[in-house]
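Student: Residues per chain, in single letters:
Number of protein chains: 2
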Amino acid sequence: MTQKISKTAAILVIGDEILSGRTKDKNIGWIAEQLNEMGIDLIEARVIADVEAVIIRHVLELSKSCDYLFTSGGIGPTHDDITTASIAKAFGKKVIRHEEAVRRLLVHYEDTDIPFNEARQKMADIPEDAALIDNPASAAPGFILENVYVMAGVPPILQSMFEGLKDKLEGGQKKMRLTVQCGIGEGTIASIMAEISDAFEGLSVGSYPWFKPGQFGTAVVVSSKNREQVQSAAEKLQMLVQQAGYEATILAEGQD
Amino acid sequence: MTQKISKTAAILVIGDEILSGRTKDKNIGWIAEQLNEMGIDLIEARVIADVEAVIIRHVLELSKSCDYLFTSGGIGPTHDDITTASIAKAFGKKVIRHEEAVRRLLVHYEDTDIPFNEARQKMADIPEDAALIDNPASAAPGFILENVYVMAGVPPILQSMFEGLKDKLEGGQKKMRLTVQCGIGEGTIASIMAEISDAFEGLSVGSYPWFKPGQFGTAVVVSSKNREQVQSAAEKLQMLVQQAGYEATILAEGQD
Chain R
0 MTQKISKTAA ILVIGDEILS GRTKDKNIGW IAEQLNEMGI DLIEARVIAD
50 VEAVIIRHVL ELSKSCDYLF TSGGIGPTHD DITTASIAKA FGKKVIRHEE
100 AVRRLLVHYE DTDIPFNEAR QKMADIPEDA ALIDNPASAA PGFILENVYV
150 MAGVPPILQS MFEGLKDKLE GGQKKMRLTV QCGIGEGTIA SIMAEISDAF
200 EGLSVGSYPW FKPGQFGTAV VVSSKNREQV QSAAEKLQML VQQAGYEATI
250 LAEGQD
Chain V
0 MTQKISKTAA ILVIGDEILS GRTKDKNIGW IAEQLNEMGI DLIEARVIAD
50 VEAVIIRHVL ELSKSCDYLF TSGGIGPTHD DITTASIAKA FGKKVIRHEE
100 AVRRLLVHYE DTDIPFNEAR QKMADIPEDA ALIDNPASAA PGFILENVYV
150 MAGVPPILQS MFEGLKDKLE GGQKKMRLTV QCGIGEGTIA SIMAEISDAF
200 EGLSVGSYPW FKPGQFGTAV VVSSKNREQV QSAAEKLQML VQQAGYEATI
250 LAEGQD
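As given, the protein sequences belong to chains R and V, one line each in that order.
Here the first sequence stands for residues 0 to 255, where the numbers follow numbering that gives the first Met the number 0.
Here the second sequence stands for residues 0 to 255, where the numbers follow numbering that gives the first Met the number 0.
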């Protein structure tokens, strides 16, 4: 069986408020989980400032290095929302007032006392040749230009946009992941983990120590796209840890 | 008055578990807050995989582009902890078994039933010419090599390491930040924010819409190293928003 090569992705979080520590990013972790479920390999995430030259440099670099680049932040109505113009510039595109985006915003603000003023009209400015990303949460669309998926920064809005994107992305075989909970510190079973890692080609073995008052242990996570391999590796690890005299329990799939 | 140029920093989070979505990063936000308090400008943060060539590339790139590079993750006792060896290689240094690090670990494991085995001894391997970073939480030290500060990934351990580093870092003038809570959507007051941003050189004006059931508004955050400017800008913004017919309250410094 030839294994299909997975699509790769990167995330670019654009926002001074994350770099200042004022706002804690929630988008990297959320998108990471979604991509993992879809079998798309997230290879990198970056957080950068709201500065045109900086946005252009990172968008070009990351869009070349992976199949999908997801950005979050900077597409609202205010003066500091410069993501759309910067990404258009990165690809040598003009920004146009997009008719369908205007229509959606008009519908959204209809029968409210919120004025569809010049600032809000700016949210209908989209790079030419870009496709819209639906925004069920607050109407103002994101867009797809080349392999760059441009979304809002507010987590519930970003999430509503991403949900609608899923069937446009080519997923792959999801990695299977099993956790073996071991009742001992990671240093004691390090050689067992190394042995398992060496014994199964392409298997990833991660080691996550945890501490509670009066207790400690290690969650050993084995993962791979080969389900049988993951099952065998988890069982072998459990056996070796138990033989060494410690507790080891394989959790049900999906439990950590 | 000439304004001292601030030191710049970047963060490199090293860990497959963040990219898979299994673990949510907490280190970027925490370090960002600390740096902000110290008047050090965080210019970028990245999350990358536990792969030697990848670690080397990003460490070299980021250490050149800023004054301080802080890394988190990959310095434990297991086979997947390759940060130390990779960073040593990046700078053409050998890894040596560090006597003082061995001593600290011996003291730490003394009178416990935890064996100081080969895997745990690996935590005393440090690049030659590096200085140790104290680890009050779990003894195994981090290290400083060139301008790279290498810390553990587990948040309480990283935090205990960073606290001890603070007096080794050259801080600058802290930015003052004031939040003006406005009882209206950001699109309605976008032109006011742009006016304030244009009127005060070097002032940053950020706009953060919020939603609750039945309520919405915008937190407008004005910040700069010039305290008087921030105060004037917040008052002018408040006045203009109130004149436009909406509520606007300047929160006490430190409140968001």
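Just so you know, these hints were derived from the structure itself, not from any lab.
Among the hints, a few may not be true.
Copies of the same chain look alike in the list, so a pair counts if it works inside one copy or between any two.
Unchecked claim - Only pairs whose alpha carbons sit at most 30 angstroms apart, straight line, appear in this in silico BS3-like list of lysine-lysine:
id : residue 1 : residue 2
1  : LYS224    : LYS25
2  : LYS165    : LYS211
3  : LYS88     : LYS63
4  : LYS23     : LYS235
5  : LYS235    : LYS165
6  : LYS25     : LYS235
7  : LYS25     : LYS211
8  : LYS25     : LYS174
9  : LYS25     : LYS6
10 : LYS88     : LYS173
11 : LYS167    : LYS93
12 : LYS211    : LYS92
13 : LYS23     : LYS165
14 : LYS211    : LYS93
15 : LYS167    : LYS224
Student: Each hint: holds or not?
Tutor: Do the hints match the structure? See the list:
no. : hint             : verdict
1   : LYS224 to LYS25  : both (27 angstroms within a copy, 28 angstroms between copies)
2   : LYS165 to LYS211 : between (38 angstroms within a copy, 28 angstroms between copies)
3   : LYS88 to LYS63   : both (16 angstroms within a copy, 27 angstroms between copies)
4   : LYS23 to LYS235  : between (39 angstroms within a copy, 28 angstroms between copies)
5   : LYS235 to LYS165 : neither (36 angstroms within a copy, 45 angstroms between copies)
6   : LYS25 to LYS235  : neither (36 angstroms within a copy, 33 angstroms between copies)
7   : LYS25 to LYS211  : both (25 angstroms within a copy, 18 angstroms between copies)
8   : LYS25 to LYS174  : both (23 angstroms within a copy, 24 angstroms between copies)
9   : LYS25 to LYS6    : both (23 angstroms within a copy, 27 angstroms between copies)
10  : LYS88 to LYS173  : neither (35 angstroms within a copy, 33 angstroms between copies)
11  : LYS167 to LYS93  : within (24 angstroms within a copy, 48 angstroms between copies)
12  : LYS211 to LYS92  : neither (54 angstroms within a copy, 37 angstroms between copies)
13  : LYS23 to LYS165  : both (25 angstroms within a copy, 22 angstroms between copies)
14  : LYS211 to LYS93  : neither (56 angstroms within a copy, 36 angstroms between copies)
15  : LYS167 to LYS224 : within (22 angstroms within a copy, 45 angstroms between copies)
Consistency note: the structure conflicts with the earlier hints numbered 5, 6, 10, 12, 14.
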